[in-house]
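**Q** For reference, the chains in residue letters:
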Amino acid sequence: MTANEVVERIRKNIGIPWNEKSYRDTFKVGDPNTEVKGIATTFMATLDLIQRARAAGLNFVITHEPTFWSDRDTVSELANDPIYKFKVDYCARNKMVVWRYHDHIHSRPPDLIWVGLVRSLGWQDRQTSGSRNRFTFPETTLGALAADIQRRMNVRALRVVGDPSAKVSSAAVGMGYNIPRATPDVDVVIGGENPEAGGPFDDTEYILDAAYFGRNKGQIVLGHAISEEPGMEDCANWLRTFVTEVQIQFIRAGEPFWSPKA
Amino acid sequence: MLFALTPPASRSYHWCVMELSRRRFAQVAGTALAGGRLAGQQTPITAQQVIDRVGNAGSPDGIKAGDAGATVTGIAVTAMATMDVLARAAREKANLLITLEPVFFGAGDAPLAGDPVCAAKREFIRHNGMVIWRFSDYWRARKPDPFAAGLARTLAWTPYRTGDDPFRYEVPELTIGALSDVLLKRLNARAGIRVVGDPRTQVRRITLLPGSTPLSAMLKALPECDVVIAGETREWESVEYAQDTVASGQKKGLIMVGRVLSEEPGMNLCAEWLKTLVPEVPVRWIPAGDAYWRPAV
Numbered sequence: 001m002t003a004n005e006v007v008e009r010i011r012k013n014i015g016i017p018w019n020e021k022s023y024r025d026t027f028k029v030g031d032p033n034t035e036v037k038g039i040a041t042t043f044m045a046t047l048d049l050i051q052r053a054r055a056a057g058l059n060f061v062i063t064h065e066p067t068f069w070s071d072r073d074t075v076s077e078l079a080n081d082p083i084y085k086f087k088v089d090y091c092a093r094n095k096m097v098v099w100r101y102h103d104h105i106h107s108r109p110p111d112l113i114w115v116g117l118v119r120s121l122g123w124q125d126r127q128t129s130g131s132r133n134r135f136t137f138p139e140t141t142l143g144a145l146a147a148d149i150q151r152r153m154n155v156r157a158l159r160v161v162g163d164p165s166a167k168v169s170s171a172a173v174g175m176g177y178n179i180p181r182a183t184p185d186v187d188v189v190i191g192g193e194n195p196e197a198g199g200p201f202d203d204t205e206y207i208l209d210a211a212y213f214g215r216n217k218g219q220i221v222l223g224h225a226i227s228e229e230p231g232m233e234d235c236a237n238w239l240r241t242f243v244t245e246v247q248i249q250f251i252r253a254g255e256p257f258w259s260p261k262a
Numbered sequence: 001m002l003f004a005l006t007p008p009a010s011r012s013y014h015w016c017v018m019e020l021s022r023r024r025f026a027q028v029a030g031t032a033l034a035g036g037r038l039a040g041q042q043t044p045i046t047a048q049q050v051i052d053r054v055g056n057a058g059s060p061d062g063i064k065a066g067d068a069g070a071t072v073t074g075i076a077v078t079a080m081a082t083m084d085v086l087a088r089a090a091r092e093k094a095n096l097l098i099t100l101e102p103v104f105f106g107a108g109d110a111p112l113a114g115d116p117v118c119a120a121k122r123e124f125i126r127h128n129g130m131v132i133w134r135f136s137d138y139w140r141a142r143k144p145d146p147f148a149a150g151l152a153r154t155l156a157w158t159p160y161r162t163g164d165d166p167f168r169y170e171v172p173e174l175t176i177g178a179l180s181d182v183l184l185k186r187l188n189a190r191a192g193i194r195v196v197g198d199p200r201t202q203v204r205r206i207t208l209l210p211g212s213t214p215l216s217a218m219l220k221a222l223p224e225c226d227v228v229i230a231g232e233t234r235e236w237e238s239v240e241y242a243q244d245t246v247a248s249g250q251k252k253g254l255i256m257v258g259r260v261l262s263e264e265p266g267m268n269l270c271a272e273w274l275k276t277l278v279p280e281v282p283v284r285w286i287p288a289g290d291a292y293w294r295p296a297v
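Just so you know, the protein sequences line up as chains A and R, in that order. The first sequence begins at 1 in my numbering and counts up by one. The second sequence begins at 1 in my numbering and counts up by one.
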């Protein structure tokens, strides 16, 4: 079975029309006609991840995020970059193939990245009926909520904004480069990654100011990988339902950061 | 520390304004010295007069709240005009607040209709007769880069600068772990610092990328140094590049200290510069601090 045949089968089983204009969900490295020995699903095709996939005997990496450090995997400016050369050479030498699976895993119902995030938060039963990204839970403090999430999701570099003693009972959740906009009707906003300031809406400043006025508000920044990696395990499980010829493993790219202890 | 006042080419108009302003400042300062001190009072100066003296780069710079004609009692300078910063400024009788980042929660800086937090912030500003002036593009365009120079000074690295490049330093060798602790302490950080790389890696050549920087800056910086200290970069761009650099066997790393923490020393330099330009009123730097904390494990 070739990598291209795996992708063809994904297209056949996804249940939605394929968007041929997606520049994301395409091959990034290697020959699509390479015979697949095994598949690794992951959050991001870092060099370290590709090396570990190869060591596990998996030569086809299905990644959610880019390989060459930009959304479009633009390589035209990278020809003389030493790390680009190293990564490309490593993949060529080891006949590794990388394909990105981003847009369609989000747009198929259900969005498996979302499924993975809600599962790893442990919030499957906390979803409100009104809106997919809204959750309610028994009143707790922002500090206790953050500690629970830190433990459940095993985050090293979690970042929290707001008063740890603030009483909270509702949250709006985003994944990846998205933290929902803080509004008066929700206590906590949670997501992967956002600009700290100067973005379309600055949650960080808003939460700080809301806390100043004694409002029970918080922001929990999980990290992009922490928020989206769990769904790539769901992706592996889903692939196994229609790709049975080769082994399929979910391999964590992992949280990129550590954080010094204050 | 004084700066060579090299104007950005596209802003020659403002450069002229600034030069004129500096000459006018000499006259004003002279007058104040001659009469003001003996009489125990300074010549009043309005917010608009301060702004005219500095020069105004246009959008996004500009007054975001308050009356341009208000008499200035004191100036506070910050990277992010949070309520905490505004309250400290008000306590210290500084009613002109100069901020690098937005005051009303976003790049557009438009007040949010019907939002209680925004309404309370606006009311605080009105009640205390404050004027909020966003001062971003102009200060960012200044040469040498005041954010890099300010960050280096806060870290006591100015003597280690590579030539006259304010972004590059060669410091006595230390580990990435020790370097992270230095940053934690000198920047008064809490949980805002995040590190890619082995804490035991020895580093010496450091490049500073304060603020929010694109991949292109990282592609240029990291191959030529041991560790980049950035404000914020994106996880699927510069962070992955740093991860791959480490995985390729290079003894390197990336430390992100947070956008605001990385920019704050540059606003301290801004406050010092304003002291020379507006001697009529006290000018102080009020850092917003590290917004982030993390639960104890």
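Some hints here could point you the wrong way.
Unchecked claim - Per label pair, the in silico range of CB-to-CB distance:
#1 185/A x 58/R: 34 to 40 Å
#2 85/A x 164/R: 52 to 58 Å
#3 175/R x 169/A: 39 to 45 Å
What the hints assert, rightly or not - Straight line, CA to CA, 25 Å or less: simulated PhoX-like cross-link-like pairs of lysine-lysine:
#4 95/A x 37/A
#5 85/A x 28/A
#6 85/A x 251/R
#7 93/R x 143/R
#8 93/R x 275/R
#9 28/A x 220/R
#10 251/R x 143/R
#11 93/R x 185/R
#12 37/A x 21/A
#13 185/R x 220/R
#14 64/R x 85/A
#15 143/R x 261/A
#16 220/R x 251/R
#17 12/A x 85/A
#18 93/R x 261/A
Read the hints as simulated data drawn from the structure, not as lab findings. No residue lacks a Cβ here, since even glycine has one placed at the ideal position from N, Cα and C.
**Q** Take the hints in turn and mark each one as holding or not.
**A** Each hint, compared with the structure:
1. 185/A x 58/R: 34 to 40 Å: holds (36 Å)
2. 85/A x 164/R: 52 to 58 Å: violated (32 Å)
3. 175/R x 169/A: 39 to 45 Å: holds (44 Å)
4. 95/A x 37/A: holds (11 Å)
5. 85/A x 28/A: holds (14 Å)
6. 85/A x 251/R: holds (17 Å)
7. 93/R x 143/R: violated (31 Å)
8. 93/R x 275/R: Holds, because 16 Å separates the two Cα atoms, which is no more than 25 Å.
9. 28/A x 220/R: holds (23 Å)
10. 251/R x 143/R: Given pair residue 251/R, residue 143/R is violated - Cα atoms ~32 Å apart, limit 25 Å.
11. 93/R x 185/R: With a Cα-Cα distance of about 29 Å, the restraint between residue 93/R and residue 185/R is violated, given a limit of 25 Å.
12. 37/A x 21/A: violated (29 Å)
13. 185/R x 220/R: violated (28 Å)
14. 64/R x 85/A: violated (48 Å)
15. 143/R x 261/A: Outside the cut-off at roughly 35 Å; violated.
16. 220/R x 251/R: holds (17 Å)
17. 12/A x 85/A: Judged against 25 Å, a Cα distance of about 35 Å means the pair is violated.
18. 93/R x 261/A: violated (36 Å)
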